[in-house]
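**Q** Residue numbers (the working numbering), protein chains in the order written: chain A, 1 to 300; chain B, 1 to 323; chain C, 1 to 534.
Calculated from the structure, these hints are not laboratory results. Be aware that one or more of the hints could be misleading.
Said to hold, decoys possible - Covered stretches of chain B (chain C as the covering partner; in silico rule of three or more C-beta atoms under 8 Å from a C-beta of chain C):
1. 28-38
2. 42-51
3. 86-96
4. 174-182
5. 263-274
Glycine residues also receive a C-beta, built at the ideal position from the N, C-alpha and C atoms.
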Amino acid sequence: MVTTSEIQVESDFEELSEKRTWYDIAGNLIRKQPLGAAGGAIVLVMIFMAIFADYLTVYSAVDNNLEFMLVPPDDKFLLGTDQFGRDLLTRIIYGARTALFVGFAAALIGSVAGLVLGVASAYFGGTFDLIFQRIMDVVMAFPLIILALAVVSTLGTGTINVIIAITIPFIARCARVVRSNALAIREIPYVDAARAMGFSDSRIILRHMVPNVMAPFLIMLTAFLGQAILLEASLSYLGMGVQEPTPAWGLMLQGGAEEFAESAPWVAIWPGVAISLAVFGFNLFGDSVRDTLDPKLRTR
Amino acid sequence: MYKYIIKRTLLVIPTLIGAAILVFFLLRLIPGDVCELRLAGTGLYADPAEILLCQQNLGLDKPLFVQFLDFLWGYVVFDLGDSMWTGFPVTHEIGLRFQLSLQVALMATFVATAIAIPLGIISAVRQNTWIDYVVRGFSIAGIAMPSFWLGILIILGLLISTQAFLGEPWMPPIEYVSPWEDLGGNLAQLIWPAIATGYRYSAVATRMMRSALLEVLREDYVRTARAKGLVEKVIINRHALKNALLPVVTVIAIEFAFLMGGLVVTEQVFNLNGLGKLFVESVQNQDFNMTQQLVMLVVLIFVITNFAVDLFYAWLDPRIRYG
Amino acid sequence: MRSNYAKLAIAAAVGAGLAISAGTAEAAKQGGMLNFVVGSKIPSYDGHKESTFGMIHPIRPFYSILLRINPSNPSSTTDFVCDVCDGKVPAPTNGGKTYTFKIRSDIKFHDGTPLTSADVKATYDKIVFPPEGIPSSRKAFFRMVDSITTPDATTVVFNLKFPSGAFIPAAAMPFNFIYSKKDLDTHGYTWHAKNINGTGAFKFVQHQKGAFVEGERYADFHHKGMPYLDGFKAISAPKLAVRVQAIRGDRASIEFRGFPPKHRDDLVKALGDKITVQESDWNCVLLATHNQKRKPFDDPRVRQALTLGIDRWGGSKYLSRIAIVKTVGGVVFPNHPLAANESELVKLNGYGKDMEANRAKAKKLLADAGKAGMTFELNNRGVDQPYKVVGTWLIDQWKKIGLNVKQRVQPSPPFYATLRKKKDFDVSVDFNCQAIINPIVDITKFLGSAGNNYGSYEDAALEAIYAKIERAGTEAEQRSLIREYETRALSDQAHIAVTLWWYKINPHRSYVKGWKIAPSHYLNQSLENIWLDQ
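One chain only, chain A, in its complex shape (with noise of 0.2 Å):
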């Protein structure tokens, strides 16, 4: 049994080995899954700006320019100013790097530590999976904003603290989900043919059940990265996420969508775009993740 699975693993392995081409490999998933090849070009975009903001913009992101506020999009400022005369496009470019990281972060260490918790939870089973998923309950039932107000208000506002507060139902939503994956695998008899050869039981969950329960795993990644922007955007809306003059999207739309949606459009419109679009991207990347893993998983 054991050897079986591995034989598997390996030959999954030698097929995305397989030697071609990036071009094919790009080709094939155009043809294949447009939306989801749309999707990661947006992503890889955005990944491209966060990492060369230095080299694609000329102005500062933080430093107040009163003489040029709110300055229509023109050929100096091509998508305008914000009220303390900040170049928009710079900002937007910076932001991407706030947004891919809160993005990534939260979405890494969510889905990981839901990894674990979950494989865990439904291997050990019994007592601890009992009160493990009692908390997790309690978890995806709270509020967010009251997690995140606790979290703002004992360790202060930031980037850091913002992802922290994201990351903790996520933890939550991704324990569920692979956990249930998890318990149809442990039923399966190779998990008892492992045990009863005596390996430990850190082998058998990262050999063996881990590997089984990627798929959920990355359709929740997946899914997480553009739901961490738009939980970032909430949560800087309701005054509770990144803080000025930290280049963010969410925190731009915050202070300038509302009070200048009308006499300085491009304040409100810009950042709007950045997050949708980002999310967007992130989305349609997921989904078609999702797509090709596994069409039938039911996973919220």
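Based on the hints, put chains B and C in the right spot on chain A.
**A** Chains B and C alone, transformed into the frame defined by chain A:
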């Protein structure tokens, strides 16, 4: 089955207790209280003795443990206490807003269903065509937009377009009238948030509709029906749809539970006097008692919905009961 | 583009002035409902206990007060007139220690009970000498009151312990609702938190919690011929955007607190002469308080450097386009006779017009203190207008003198906990905001001993100057002492940096007539003189 129900019911209790502990202590972890905010938060001169008096009157000077027991005891004697901000009973304050939140949740669910089911079907039937891509793009765009941004754009759009076409700017009413009193006024206010949230919440249901239908369409009995030469439309209507709808219904049910307490941001944008707005205000005011009871209500709705969905699945699929 | 908006706004403001002066000549029309939006919430109906405009705006119209700022001249800081008292506001006798008020005999509470001097006494007894356990937020303002007596049904006498010019402004505070003695006797001292029975221009109809308060015309109101309105509805709308949209979409006609300048421009641009704008200096000021318990803010050089780094004149020019702040001023409300004029201001550290010189001096002071290029945290309140806008601006100002400032923004309750209890901040945005303009009381904010001073410092010299101000016999003497006080508090010691004073902008539907802007959002809210030109 009964054993399963009892077991499942018992599991609800620790969740509720856990939520009670969490909300109680998290709220107290946040520095500051309702009295300081009320008396010092306006910038007017605040008398420290008055702040202390206010704290004593609200019982905020008691030891935490005693306050917590008071909170739990309230459930034993069915007295949820008074709002620390207005002094009116919590049940009275919640009752006032419940109708509005329920109505918006129902309307949004209706909008979500009306969008999700037809789009999901079209998307599945025309799988991997440009129609499928457009539908999926449309539904994913719904969850990609920050809800407050969408709300602001809707209201501004209404103001600008009505002024351009009718001469006078029009916006939805900002105060609630019950549908029994004035149905027109009621809908004029609530239809916009219902559309905005319904559209957002349709995305998950659309995807579920699509994948469930695709799954069913691959089943043997559908193939048999096709082999019998039945028209595609009949197959979908009579055979596939019925079976594919079940998971969609459960997804919508769970979303409904979220909507009941989760419209925090949307209610702010549209100035709806619902549970979400009350919640934000209570949190902002450090109205511990009100916040606690609202959180418990939201958790309860969530737990009950999940419970119902679990029961529903158990009833459908006996294997789960032994899982 | 932008200058056009500004022109529009100015045109509208000028128009407003004209409309009002014409308005007094115009005959007021009877009838109509006034809808207005309120951005804050009602904690309880008890004015003696609460301090928020969220209660004043919807509840004040149901009550009368003993005396008030003249509703036809609310921009004056000294024009007090009688409300339930009769005739002129009395001058003190007995060497300034006795105030004798005649009470009108034609006033009835909404439940039909006639108002007598006993009701006034019962009310002020509740405010000044509350029984134990009964809250009274402004008790401390009446420290000078020794006793209140009623020789007859139409006379109330306030006996003071010592003469005090602060008594009349304190008595005129809009929170001092006159309650009926009968209610206090039969229902107790907490009844008014949840029930309303006043003598105001409007009778309470209903309060849908969280949504609106409705009032209807009180036909037996003692100011004859008023109120003009049939009723009013105070609609709760916590989001600023909603309040602005409500006026634009005519769901509400006016908001009494104040809008940022951009929203004024939007409304004027969209609605033209259907919008009237009234503007005024605002008796609120945004401050930066240094925590002197923390190093290096115990060093006056560092504090002076921080205040020198703030470009107030430039900020006034630019920030007044995006925030509700505008006027450069010292410790006293600008335009008040006791306030510093421009030539006095520019002598203070950080008020000089040569910003290059200020910044150079600031850098030198920092270098002397060994703190050039230091990093610190600015504690701020999680409210956009004007706190976060000014906070962001301050950070940039200090960056220009080489400082690296991070912002910690907190929701209001934790923000106050930080200021009042935890005191774990370096520098904090702070503010001072009072209802009645009363400089002698208002400037206590800068005393280290004041309850609302969060700087954790003791300055005996400053306290000594203040003691002299309190006892000063003439306004000229008071004025020169206040200059001394101001120089010490803001410039030499730089305990607190005054950034900018707020600026109140009230754009409203032009058919709303009779209401005049006051320098405080607490004042002139009895609504009796408002009428609708429709």
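**Q** Taking each numbered hint in turn, which are not upheld by the structure, reported in ascending numerical order?
**A** none
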